[in-house]
Amino acid sequence: MKRANKIYLDYNSTTPVDPRVLEEMLPYFNERFGNASSVSHMFGWEAEEAVNLAREQVAGLIGASAGEITFTSGATEAVNLIIRGMFMANDDTRRHIITCATEHKAVLDTCKFVEQSGGTVTYLPVDKSGSIDLKKLENAITDHTILVCLMHANNEIGTIHPLKEIARITREKSIPLLSDATQSVGKIPVDVNELGVDMITFSSHKLYGPKGAGALYISKKNKPGITPILTGGGQEKGMRPGTMNVPAIVGFGKACEICSKEMKDETNRLSPLRDQMESELSDWDSVQINGNLRNRLPYMTNLTFQNIDSSHLLLRLRNLAVSQGSACTSATQKPSHVLEAIGLPDDRALSSIRVGLGRFTTEEEIEAAIREMKDVIPQLKPLTQ
Amino acid sequence: MREIDAIIESYEKAKNEGRKCVLATVVHVEGSSYRAAGARMLVDEYGFMTGAISGGCLEGDALRKALLALDQNKNKLVTYDTSDEDDAVIGAQLGCNGIIQVLFEPVDPEQEENAVELLKKADDHQQPVALVSIFNLDKTKPQPGTLVMIDQKGTQTGRTDQPDLSKKIREVAYQALDRQTSHFGEYHLPSEIYHAFIDIITPPPTLVLVGAGNDAQVLSEMAGVLGWNIIVADGRPTHANSKRFTSCQVVVTNPGEIMENINITEKTAFVLMTHNYMYDLEVLKLLLARDEIPYIGILGPNKKHRRMLDDLAADGIQLTDEQSAKIHAPVGLQLGAETPAEIGLSILSEIQAVFTGSSVRHLRELSGSIHKKELYEFETIKL
Chain U
111 MKRANKIYLD YNSTTPVDPR VLEEMLPYFN ERFGNASSVS HMFGWEAEEA VNLAREQVAG
171 LIGASAGEIT FTSGATEAVN LIIRGMFMAN DDTRRHIITC ATEHKAVLDT CKFVEQSGGT
231 VTYLPVDKSG SIDLKKLENA ITDHTILVCL MHANNEIGTI HPLKEIARIT REKSIPLLSD
291 ATQSVGKIPV DVNELGVDMI TFSSHKLYGP KGAGALYISK KNKPGITPIL TGGGQEKGMR
351 PGTMNVPAIV GFGKACEICS KEMKDETNRL SPLRDQMESE LSDWDSVQIN GNLRNRLPYM
411 TNLTFQNIDS SHLLLRLRNL AVSQGSACTS ATQKPSHVLE AIGLPDDRAL SSIRVGLGRF
471 TTEEEIEAAI REMKDVIPQL KPLTQ
Chain C
321 MREIDAIIES YEKAKNEGRK CVLATVVHVE GSSYRAAGAR MLVDEYGFMT GAISGGCLEG
381 DALRKALLAL DQNKNKLVTY DTSDEDDAVI GAQLGCNGII QVLFEPVDPE QEENAVELLK
441 KADDHQQPVA LVSIFNLDKT KPQPGTLVMI DQKGTQTGRT DQPDLSKKIR EVAYQALDRQ
501 TSHFGEYHLP SEIYHAFIDI ITPPPTLVLV GAGNDAQVLS EMAGVLGWNI IVADGRPTHA
561 NSKRFTSCQV VVTNPGEIME NINITEKTAF VLMTHNYMYD LEVLKLLLAR DEIPYIGILG
621 PNKKHRRMLD DLAADGIQLT DEQSAKIHAP VGLQLGAETP AEIGLSILSE IQAVFTGSSV
681 RHLRELSGSI HKKELYEFET IKL
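Those protein sequence lines, which keep their order, are chains U and C.
Going left to right, the first sequence walks through residues 111 to 495 as my numbering numbers them.
Going left to right, the second sequence walks through residues 321 to 703 as my numbering numbers them.
Simulated from the structure, these hints should not be mistaken for laboratory data.
Please note that a few of the clues may not be correct.
Here are some, though not all, of the chain C residues that point toward chain U, as calculated from beta-carbon distances under 7 Å [said to hold, decoys possible]:
no.: 1; residue: Leu390
no.: 2; residue: Asp391
no.: 3; residue: Lys394
no.: 4; residue: Asp401
no.: 5; residue: Arg564
Stretch-level coverage of chain U by chain C, calculated; a stretch enters the list once three of its residues show a Cβ under 8 Å from a Cβ in chain C [said to hold, decoys possible]:
no.: 6; region: 154–160
no.: 7; region: 175–181
Even glycine gets a Cβ: it sits at the ideal position worked out from N, Cα and C.
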């Protein structure tokens with residue numbers, strides 16, 4: 111997992127597979143290769159059993175029951191399945207969806223599809239901490255609203271939406287609530303019943319499982335009509351047909367089990383390291399910390415460096431794997447839509463980095479990262495300063 | 321035949337023929353289900369099933385799980401959530417709304433105290449016993465299985481690998497036996513958690529038919545279907561014989577000697593149906609002398625019953641309230657029964673209701689759960 115001199119601090123983008131997870135997965139590539147849908151022989155039964163166990167492990171992490179979990183290829187697919195599926199299942203010609211400006215592209219781009227297909231979407235604004243105004247949410251609900259889709263924790267700034275309060279509003283109006291919980295599940299306690307959400311989506315590779323597996327939780331008590339996007343062999347109760355990715359699902363299950371057990375200790379260890387980085391950098395230079403400081407993910411940060419030439423920021427921080435803007439949009443040098451939404455001007459947005467700590471981050475790495483930033487940042491200040 | 325007897329019979333047969341088996345036991349139910357905890361099914365290596373763990377909706381998948389357990393030679397716990405309407409595994413929807421935990425145990429005939437052997441011992445016992453199945457709701461953990469039987473004296477048959485757990489379970493089982501109710505426990509050991517289902521296995525009721533007429537023949541056959549022990553007593557060898565009563569204990573005797581052959585328990589019911597007034601009366605006198613008899617049914621109209629009471633009074637026998645309470649005359653429930661089989665149904669229904677302490681009503685008039693569910697929660701027991 112370690113590479114010479116390189117420090118991985120982009121755990122919110124993806125995580126390495128935990129060795130315990132990998133070990134659990136390996137037999138399912140060759141020895142136990144059966145198709146979980148093969149009901150007529152032992153190979154299939156064995157695979158099905160492994161999937162069922164994983165389903166319980168995944169459900170266990172979010173306080174759901176196994177029957178409420180649908181496996182997908184990832185959170186993006188799960189989000190598409192719900193938004194498109196509900197849009198198609200609903201025959202109201204004035205179908206309306208409420209979401210917010212800081213959602214992940216999986217949600218925003220799918221909402222764009224809804225608009226192109228004749229639906230309407232309200233994008234709730236956020237304040238400078240990335241929080242929405244619940245009054246605005248309440249006022250945005252119309253007779254044609256078919257879905258409220260608000261993420262749990264933001265992937266760039268870590269701000270946590272008050273899902274419980276949001277759910278109180280949506281439940282009262284009987285509007286299904288979908289939450290993209292990709293960033294929160296595995297990092298902070300997520301109990302779907304306590305939060306009162308109807309659907310959440312999350313992903314294996316963000317919590318030390320492999321890429322290629324994700325989950326969709328749909329409350330069995332408040333299940334809305336959803337037209338599946340794919341058609342096929344009836345897997346996942348027809349919601350997501352297609353041969354199941356058994357090794358990835360097995361790994362996802364194991365990863366969730368580990369998170370259930372270790373999440374608290376991980377936060378206790380990593381949160382102070384994040385705080386140390388923030389305070390050392392703030393003391394040293396005028397660094398701005400983005401996000402809702404009272405309610406955000408415990409071991410990630412989004413930092414804006416003041417008065418620097420940002421064009422070579424990441425190239426100069428060459429030993430640090432951090433992201434500028436979110437990973438999914440970082441192919442282009444466009445300011446992140448999240449930082450834009452919280453009111454950062456373009457130059458400030460581009461002078462911002464997301465630092466994500468994780469299971470394998472050490473104290474030494476954080477100290478080295480702080481040293482590197484202290485070394486590099488002054489070199490990026492315009493000479494006039 | 322009772323399910324347990326059928327399972328044991330199938331097991332013996334499979335054992336003799338060298339076929340491997342798996343015992344499936346419902347070890348916990350939350351919510352409603354057709355079969356409560358304690359329902360069992362035996363599956364042999366060819367997929368032949370005896371007994372049932374549900375009303376038919378789970379058996380198909382349970383068969384596969386049983387064969388998988390057999391192949392892996394590993395106990396496994398499987399959860400069925402029948403509240404999930406879309407679940408394709410549970411094909412036929414019963415409209416149930418329960419979460420059912422089923423423990424699958426491959427049975428090794430070579431092992432003296434395997435799950436079915438213990439079940440057999442429990443069944444052979446003349447008194448209620450506690451049969452303990454230990455499992456783990458965390459399926460990544462080993463599932464110990466049905467390991468221990470405890471009788472009313474506290475004697476333990478079988479063992480677990482963990483003395484502390486064993487000791488605690490024996491205590492809890494002993495109390496459960498005393499209360500005559502099954503128990504679900506979550507045992508917290510210093511570093512691990514186990515779950516245990518303590519199943520109270522009681523011997524079947526004994527039905528003593530005094531009178532061996534054609535109506536008694538029908539009644540004995542019906543009680544046989546229920547798996548009850550049946551004793552037929554009559555003074556007429558032409559009537560009371562093993563040709564007419566194939567699976568019963570037959571006693572040809574005078575009224576005065578009937579009691580000598582019968583071991584009375586809290587679930588022994590007598591039905592007087594000789595159609596011979598004097599014989600019935602003689603036996604009734606004897607039965608009244610035995611306080612431990614819980615149920616006495618007398619076939620015939622009210623008029624006959626009143627005459628019996630008068631004749632008893634003339635002999636100086638006044639019935640106490642307790643005695644009056646256990647006499648059911650005319651015997652049976654009001655079901656509009658006319659034929660011998662219908663009358664048999666009415667009699668057996670009444671005995672079933674009396675022995676289970678149930679009030680006789682339409683189930684639709686019941687507001688709560690059909691089965692007694694108040695005790696399904698796991699009691700947390702710290703060690």
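**OP:** Could you tell me which of the hints above the structure violates, numbers in ascending order?
**Re:** 1, 3, 5
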